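Chains A and B supply the protein sequences, listed in that same order.
Mapping to our numbering: the first sequence position 3 is 7, numbers consecutive.
Mapping to our numbering: the second sequence position 4 is 831, numbers consecutive.
Quick caveat, the hints were computed from the structure, so don't treat them as lab data.
All values reported here derive from a predicted model rather than from experimental measurement.
For each residue, glycine too, the CB sits at the ideal point set by N, CA and C.
Where hints are given, some of them may not hold.
[Said to hold, decoys possible] Which residues of chain B face chain A? A few of them, derived with a C-beta cut under 8 Å, are:
#1 Ser838
#2 Gln882
#3 Arg883
#4 Val920
#5 Thr922
#6 Leu930
#7 Asn931
#8 Phe937
#9 His938
#10 Gln948
#11 Ser951
#12 Asp954
#13 Met960
#14 Gly988
#15 Ala992
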Amino acid sequence: MWTRTVNGRALHFYLAGINNQNFLMRDKETGTWWQQITGKAIYGPLQGAALELVLSDELTFGEWRTESPSGQVLAPVAKYTKEYDSNWEPDVAKLPVVISFPSTELKSRDVVIGLTIAGAARAYPWETFAKQSPVLDRVNGTPLLLVLGPDGKSFRVFVSRIDSHDAEFFLQSNSQADASTDKKDWTLLDTLTNSQWNFQGCATSGPAQGKCLDRIPALKDYWFDWRNYHPDTTIYKR
Amino acid sequence: MDRQQTEPRISRWLWTLFFVCALAAIALFFIPAFIIRPFRHQAPHALLLAMALRQRAPLGTLIATLASFVFAFALWRIVGRWRKALLVLALLVVTFSTVMARLNYFEWMFHPIAGAQFIAQSESKLDPKEMIMAVRLGSDARAYPISQMAYHHVLNDVVAGVPIAVTY
């Protein structure tokens with residue numbers, strides 16, 4: 005998600021093509037071509053400009069609903085409901101790929117969480133992440149916490165620092181056992197203050213109560229797409 | 828110089844000019860369309876050429892098409908039936924290219940949302956397991972179901988007064 009104000013003017017984007025399975029968009033105001041994954045203007049009058057990233061989440065509707073009681077949902081357009089595919093993930097995975105990186109240890113259609121910290125990119129293979137969550141890591145000196153939500157599908161990435169002190173987090177063991185039956189019990193504990201934290205990254209009880217961790221933008225993507233736009237990316241291993 | 832020699836020479840020139848203009852109009856549409864097609868690899872320099880041509884295609888095809896019609900009109904009076912058919916056929920492809928250079932056929936496959944509507948989350952019939960993209964700006968929280976965004980791909984929205992582009 006991007007802000008679409010450039011040089012003080014709000015641009016309106018439309019789908020304009022495809023570049024190795026990442027779409028191209030153009031803006032109605034200048035006709036400039038933009039790459040979706042990077043938010044960069046690659047050709048036209050605004051070439052070289054970059055859209056600013058808006059922090060967004062990929063969550064299940066169920067998770068988001070409990071977090072956002074007054075939230076609004078994009079209504080389906082009646083004319084196109086038969087085009088909407090709730091099974092898009094396995095369906096898209098079947099499509100052919102046009103670029104591949106055979107020398108890397110991941111397969112083109114492997115799903116990764118990609119993030120960039122001050123120019124350093126890292127990809128977290130989804131399977132490894134989901135098995136290990138919460139994942140503690142460090143990229144370019146920044147301590148990170150990647151967590152899979154109580155629903156087993158939503159994810160978020162935080163800076164694992166409480167009041168500028170590095171902290172470690174783990175899932176409270178009873179919540180792990182009950183995850184399938186009672187999702188409300190899902191709780192993280194930190195080793196620094198021994199406080200309890202929810203999936204939004206906020207301490208709900210303990211000495212840190214009321215504090216929230218800083219968020220890191222992260223993208224769920226296919227390996228080939230992430231690698232194509234982040235040639236220097238490292239891959240998380242453990 | 829007598830007529831017998833001049834006419835073939837003029838007609839040769841007219842044919843050459845006609846084909847140059849016709850091919851220009853056709854290329855301006857078909858080259859980018861061929862390069863930017865799904866499920867194929869796009870090399871960086873080819874993509875650049877595609878964008879450059881497509882950018883110039885609306886005006887370029889218009890000029891090339893008008894010129895094609897002028898030359899075809901001049902040829903019409905001096906050529907036989909089969910060559911007239913060739914002219915008509917070429918003009919049909921030229922006109923098609925000129926129309927297509929103005930239309931966004933990607934939006935025929937993936938229709939944009941005109942005037943997006945939002946509903947309270949309590950009214951949504953979405954399955955709790957469905958994935959959504961979520962944004963929170965100030966006190967405004969919005970969810971965009973991925974099943975919908977994977978079809979529309981782009982949505983121009985305004986959340987808490989901030990114009991944003993939701994892309995998937």
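Measuring from the C-beta of Gly988 of chain B to each C-beta in chain A, is the shortest one below 8 Å? violated (11 Å)
With a cut-off of 8 Å on the beta carbons, see whether Ser951 of chain B makes it to chain A. holds (4 Å)
How about Phe937 of chain B: closest beta carbon in chain A under 8 Å, or not? holds (6 Å)
Holds or violated: is the Cβ of Ala992 of chain B closer than 8 Å to a Cβ in chain A? holds (4 Å)
Restraint: Gln882 of chain B near chain A, CB-CB cut 8 Å. Satisfied or not? Holds, about 6 Å.
With 8 Å as the cut and Cβ atoms as the points, is His938 of chain B at the interface with chain A? holds (6 Å)
Quick check on Thr922 of chain B please, does its C-beta sit within 8 Å of some C-beta on chain A? violated (23 Å)
Hey, does the Val920 of chain B contact hint survive, CB to chain A under 8 Å? This hint is violated: Val920 of chain B lies away from chain A, its Cβ roughly 22 Å from the closest one there, beyond 8 Å.
Tell me if the interface restraint on Met960 of chain B is satisfied: Cβ within less than 8 Å of some Cβ in chain A. holds (6 Å)
Interface restraint verdict for Leu930 of chain B against chain A (beta-carbon cut-off 8 Å): Status violated, d = 12 Å.
Restraint: Asp954 of chain B near chain A, CB-CB cut 8 Å. Satisfied or not? Because about 7 Å separates Asp954 of chain B from the closest Cβ in chain A, which is inside the 8 Å limit, the hint holds.
Let me know if the C-beta of Ser838 of chain B comes in closer than 8 Å to any C-beta of chain A, holds or violated. violated (40 Å)
In terms of the numbered hints stated before, the structure departs from hints 1, 3, 4, 5, 6 and 14, listed from lowest to highest.
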